[in-house]
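Visitor: Single-letter residue listing:
2 protein chains.
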Amino acid sequence: MPSKNAEAAFESLKEEFNEIAVLASCESILGWDEVTYMPEGGAIHRANQKSLLAGLVHNRATAPRIGDWLAEVENSDMAKNGDPIAANIRELRRGYDKMVKMPESLVKEITKETSLAHVIWVEARKNNDFKSFLPSLKRIIKLKVQEAEAVGYEKEPYDALMDTYEPNATSAQVTEVFTALRSQLVPIIENIAGAPKQAPVEIIEREYPVDAQKTFVEATAKSIGYNFGAGRLDVTTHPFCTTIGPGDVRITTRYNPRRLNDGLFGVLHEAGHGIYEQNLPQDEFGLPSAEACSLGIHESQSRLWENLVGRSKAFWEHLFPSAVKAFPKALSNVALDDFYFAINDVRPSFIRVEADEVTYNLHIMLRFEMELAMIRGDLKAEDVPSVWNEKFKDYFGLDVPDDRMGCLQDVHWSAGLMGYFPTYALGNLYASQLYDAADRDLGDLHAKFRKGSFDELRHWLTKNIHAHGRRYPATELVERVTGKPITAKPLLSYLTEKFYPLYNVS
Amino acid sequence: MPSKNAEAAFESLKEEFNEIAVLASCESILGWDEVTYMPEGGAIHRANQKSLLAGLVHNRATAPRIGDWLAEVENSDMAKNGDPIAANIRELRRGYDKMVKMPESLVKEITKETSLAHVIWVEARKNNDFKSFLPSLKRIIKLKVQEAEAVGYEKEPYDALMDTYEPNATSAQVTEVFTALRSQLVPIIENIAGAPKQAPVEIIEREYPVDAQKTFVEATAKSIGYNFGAGRLDVTTHPFCTTIGPGDVRITTRYNPRRLNDGLFGVLHEAGHGIYEQNLPQDEFGLPSAEACSLGIHESQSRLWENLVGRSKAFWEHLFPSAVKAFPKALSNVALDDFYFAINDVRPSFIRVEADEVTYNLHIMLRFEMELAMIRGDLKAEDVPSVWNEKFKDYFGLDVPDDRMGCLQDVHWSAGLMGYFPTYALGNLYASQLYDAADRDLGDLHAKFRKGSFDELRHWLTKNIHAHGRRYPATELVERVTGKPITAKPLLSYLTEKFYPLYNVS
Chain A
155 MPSKNAEAAF ESLKEEFNEI AVLASCESIL GWDEVTYMPE GGAIHRANQK
205 SLLAGLVHNR ATAPRIGDWL AEVENSDMAK NGDPIAANIR ELRRGYDKMV
255 KMPESLVKEI TKETSLAHVI WVEARKNNDF KSFLPSLKRI IKLKVQEAEA
305 VGYEKEPYDA LMDTYEPNAT SAQVTEVFTA LRSQLVPIIE NIAGAPKQAP
355 VEIIEREYPV DAQKTFVEAT AKSIGYNFGA GRLDVTTHPF CTTIGPGDVR
405 ITTRYNPRRL NDGLFGVLHE AGHGIYEQNL PQDEFGLPSA EACSLGIHES
455 QSRLWENLVG RSKAFWEHLF PSAVKAFPKA LSNVALDDFY FAINDVRPSF
505 IRVEADEVTY NLHIMLRFEM ELAMIRGDLK AEDVPSVWNE KFKDYFGLDV
555 PDDRMGCLQD VHWSAGLMGY FPTYALGNLY ASQLYDAADR DLGDLHAKFR
605 KGSFDELRHW LTKNIHAHGR RYPATELVER VTGKPITAKP LLSYLTEKFY
655 PLYNVS
Chain B
155 MPSKNAEAAF ESLKEEFNEI AVLASCESIL GWDEVTYMPE GGAIHRANQK
205 SLLAGLVHNR ATAPRIGDWL AEVENSDMAK NGDPIAANIR ELRRGYDKMV
255 KMPESLVKEI TKETSLAHVI WVEARKNNDF KSFLPSLKRI IKLKVQEAEA
305 VGYEKEPYDA LMDTYEPNAT SAQVTEVFTA LRSQLVPIIE NIAGAPKQAP
355 VEIIEREYPV DAQKTFVEAT AKSIGYNFGA GRLDVTTHPF CTTIGPGDVR
405 ITTRYNPRRL NDGLFGVLHE AGHGIYEQNL PQDEFGLPSA EACSLGIHES
455 QSRLWENLVG RSKAFWEHLF PSAVKAFPKA LSNVALDDFY FAINDVRPSF
505 IRVEADEVTY NLHIMLRFEM ELAMIRGDLK AEDVPSVWNE KFKDYFGLDV
555 PDDRMGCLQD VHWSAGLMGY FPTYALGNLY ASQLYDAADR DLGDLHAKFR
605 KGSFDELRHW LTKNIHAHGR RYPATELVER VTGKPITAKP LLSYLTEKFY
655 PLYNVS
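Residue numbers (this note's numbering), protein chains in the order written: chain A, 155 to 660; chain B, 155 to 660.
It should be emphasised that the hints constitute simulated quantities derived from the structure, not laboratory data.
Treat each hint with caution, since some may be false.
Which copy? The list can't say, so a pair holds if one copy fits it or any two copies do.
[Stated by the list, open to error] The list that follows gives simulated cross-link-like pairs (lysine-lysine, DSBU-like), each with its CA atoms no further than 35 Å apart: (1) Lys168 / Lys292; (2) Lys351 / Lys479; (3) Lys605 / Lys234; (4) Lys652 / Lys255; (5) Lys158 / Lys262; (6) Lys158 / Lys204; (7) Lys252 / Lys605; (8) Lys643 / Lys547; (9) Lys204 / Lys262; (10) Lys252 / Lys168; (11) Lys617 / Lys266; (12) Lys168 / Lys534; (13) Lys368 / Lys483; (14) Lys605 / Lys285; (15) Lys638 / Lys280; (16) Lys368 / Lys280; (17) Lys285 / Lys376; (18) Lys602 / Lys234.
Generate the whole structure from the sequences, applying the supplied hints.
Guide: Have a look at this one:
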């Protein structure tokens, strides 16, 4: 029997973390507004608002009484392994110990610096002017190194940062997985590049009026299960998904009137994130059990819907007639096979978020290596453009034309999100492995997609992934659900089985 | 010389009130989002966010240390009259004393009662069912009387409530001004009603496509000086202006495709509020010197731009050609004179927010007299409909068909905003008096409007009104700027000089 004190302590933790989460969620709406509707002139005040809230949240989340309550529960039967409470206590303890190591001044400084840097980065990218962003990047790297030192790490300062996004992951493990993946990806890319058959990409570069795109992608996101009664879709420079709170999970995208893929797969991707958030146990809001497991798992959900569902032949056997209706000028005399090939074009390209499924992971590896070096102190901010361009030539065989197409393309570094990129590639690995398990459990998913039926898959994901919140570490969760430890095999099989026939590679 | 302690105390006050204002401004963005873009599902969480922030703000704003800092400064040379700091201390003291006098239980009860009453009022208005709203109104009157008793007053409990919106105003003064105004307004209205010439209102009830309206009113708001770099315009059921913080002052409106006035003059009105907020000394954010003087002064700014500028002939001599271009179908064969007459239609009507410039103030007087009597205990809640209808007949010569068109039309009483209505009419009085002074100082404003030039007027308002924040009480501010105490003369002259020729009243 848990003691009265321990029960009371757990109740206090629940209440306090709910309030902290409500307070933190005010930051979410500030962040969402900042990149959707905020007028330019509001940038400085917005930085003040966010930094004040971040400080208040940090302050409450690091109060000694939380440590006391945690200890009370930890010393009771309630924290016994297997008990659902135990996982919450374990994760609250992880977060608490980490947070108390972060000085409030540093938290505030990072929040303010990155909020200001965002505006500077947007301008710098627009004007292809890395130099104007350089001072911000320098300060951010310095602050992130300070964060790593404050939080502590075993071998690699970068691990302290990555742990925020992918708990328990280390750069050594990631390097190992990435190296193995890369060694097999490169020949696949070469085989495809050397194939005589090439995708008729001109099809997706026809005129796709933005209004028609909006209507079409909104209907598509709805059809796979993103709930617009508890969410919305807006336009931003950099697409994202953000949870304002229970019942309010928003996604964004951008539209290119001469390229269907950006808006369409962008929305499927963010809707995948949104479906995860919308199906977390929201009545436990504030507790780890109501939070996403890791960003790698998060990305597995977005990539699964974007690629394994949204770029599958079966999906378009269902959806193509609607697409023709939505874009008659572009698609009226296009065959499904050609459209399917066009949206699955594989070729080295400059922009990560527009990259195909095969080359995508190389974009991640490049960024991972660079930020690892930045945080180690081996790469200076001023050398970022030249190193980026060298590596890009090495990985993709392409000369980067300018920094807009190179090191200025991503929002992450301006937002202080060093350690975040690897989770994208981990997400791809998890996605394939989870999809295989779902296909095995539910039987022939493609047959369901052909009928426009996505509920079974979504319910499977909710039951096996969403409902667990942060109960298990990412790798353990995947192993529990799929019966196997993390491996690159499902991803590599998926890629060769899909793309070799498409490109007539034998 | 101010003492070191007093200087330090003032610095502490500045910092603390800045932080409190930043925190409170997070509530502003939550409120704005709630009525613009929030998905339905987010309502409960939004209420949690807002109430948490409101609690935090109230808590900090009533902390004893604020009283200590205030006393420290008050006992020093810094608070000497004439010193710019003195006005800030005076206003901070006003706010603090008032806030600490309000028992937290009463604050909470009013918040709860009015949030419940809002839903009940919406239903009651829809169903024309005053009885269902009656119990709420009774409780709200009782709570507002309790608030008046808690806060304190000299002669009239109502004054304690009105003071929140129009500091230092008393019902005795307001009654005097209103009585004088009314005695002269009634014959003007009768003369206009009896005129043989009537406005060709059908012109503004033609088809005005919403997209064209949006483009047109945005350009118009910009032309008078509302800064879209530090603001934006969105669509809501009830138009408003909200300050998120320095550099971010947003306005909203609603569009009626069959009535040009609603969107157009709604935006000019809100832009007037917005221009005031955008030109307050924002670097002192959090101090009274960076805040609007009173709601009456605020309303003077919105009414000045909406009516004295936006409904003037000179304004349309400049703008009408653009309006014809924007709405060719509706306006191509309309003469400027007819359009000008149509937007200036005067006739007694039931709904305050749709009333013309001449009859508008009678709507306010009726409400003021009624709420004054309610708070005195001279008017029982159950008698509100019959008293409303009697007074309406007396003032407007019209029989109120039902309570939807009568005492249930406004949100204010359900929201506990007793004491707010007079500020609308005070705003009209101030607006005319200020406009006359500007016209005298700057010379022939109409000539400037004809050239599309509004900067001089806006700069004059900034220099004479906006820049002062809450340095002077409203009546003192107006007297300082215009050289005369508040009088109804400028408003009455403006109305007769404008409307008598229009209606051929000799």
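Visitor: For every hint, state whether the structure bears it out.
Guide: Structure-based check of each hint:
For the identical chains of this complex, lysine 168 and lysine 292 are inter-copy neighbours only, at 32 Å across copies versus 39 Å inside a copy, given an alpha-carbon limit of 35 Å. When the C-alpha separation of lysine 351 and lysine 479 is checked against a cutoff of 35 Å, the pair qualifies only within one copy, where the shortest distance is 28 Å, while the shortest distance between copies is 54 Å. In this homomeric assembly, lysine 605 and lysine 234 never come within 35 Å of each other (Cα to Cα): the closest approach is 46 Å inside a single copy and 79 Å across copies. With identical chains, the CA atoms of lysine 652 and lysine 255 are never at most 35 Å apart, being 47 Å at best within one copy and 70 Å at best between copies.
Within a single copy, lysine 158 and lysine 262 get their C-alpha atoms only as close as 38 Å, which misses the 35 Å cut-off; across copies the closest is 29 Å, which meets it. In this homomeric assembly, lysine 158 and lysine 204 come within 35 Å of each other (Cα to Cα) only across copies, at 32 Å, whereas the closest approach inside a single copy is 38 Å. In the homo-oligomer, the alpha carbons of lysine 252 and lysine 605 never lie at most 35 Å apart, since the shortest distance is 48 Å inside one protomer and 64 Å across protomers. Taking the closest pair of Cα atoms, lysine 643 and lysine 547 come within 35 Å of each other only inside a single copy of the chain (26 Å); across copies the shortest separation is 79 Å, beyond that limit.
Within a single copy, lysine 204 and lysine 262 get their C-alpha atoms as close as 9 Å, and across copies as close as 23 Å, so both meet the 35 Å cut-off. Taking the shortest alpha-carbon separations for lysine 252 and lysine 168, both the intra-copy value of 19 Å and the inter-copy value of 33 Å come in at or below 35 Å. In the homo-oligomer, the alpha carbons of lysine 617 and lysine 266 lie at most 35 Å apart only across protomers (33 Å), although the nearest pairing inside one protomer, at 39 Å, exceeds that limit. For the homomeric pair lysine 168 and lysine 534, neither the shortest alpha-carbon distance inside one copy (44 Å) nor that between copies (40 Å) is at most 35 Å.
With identical chains, the CA atoms of lysine 368 and lysine 483 are at most 35 Å apart both within one copy (16 Å) and between copies (30 Å). In this homomeric assembly, lysine 605 and lysine 285 never come within 35 Å of each other (Cα to Cα): the closest approach is 52 Å inside a single copy and 44 Å across copies. Taking identical chains as interchangeable, the C-alpha atoms of lysine 638 and lysine 280 are never at most 35 Å apart, the minima being 45 Å within one chain and 54 Å between chains. Taking CA atoms no more than 35 Å apart as the test, lysine 368 paired with lysine 280 passes in both settings, with 24 Å inside one copy and 28 Å between copies.
In this assembly of identical chains, lysine 285 and lysine 376 lie within 35 Å of each other by CA distance solely across copies; the values are 34 Å between and 42 Å within a copy. Taking identical chains as interchangeable, the C-alpha atoms of lysine 602 and lysine 234 are never at most 35 Å apart, the minima being 42 Å within one chain and 79 Å between chains.
Comparing the model with each numbered hint stated earlier shows that hints 3, 4, 7, 12, 14, 15 and 18 do not hold.
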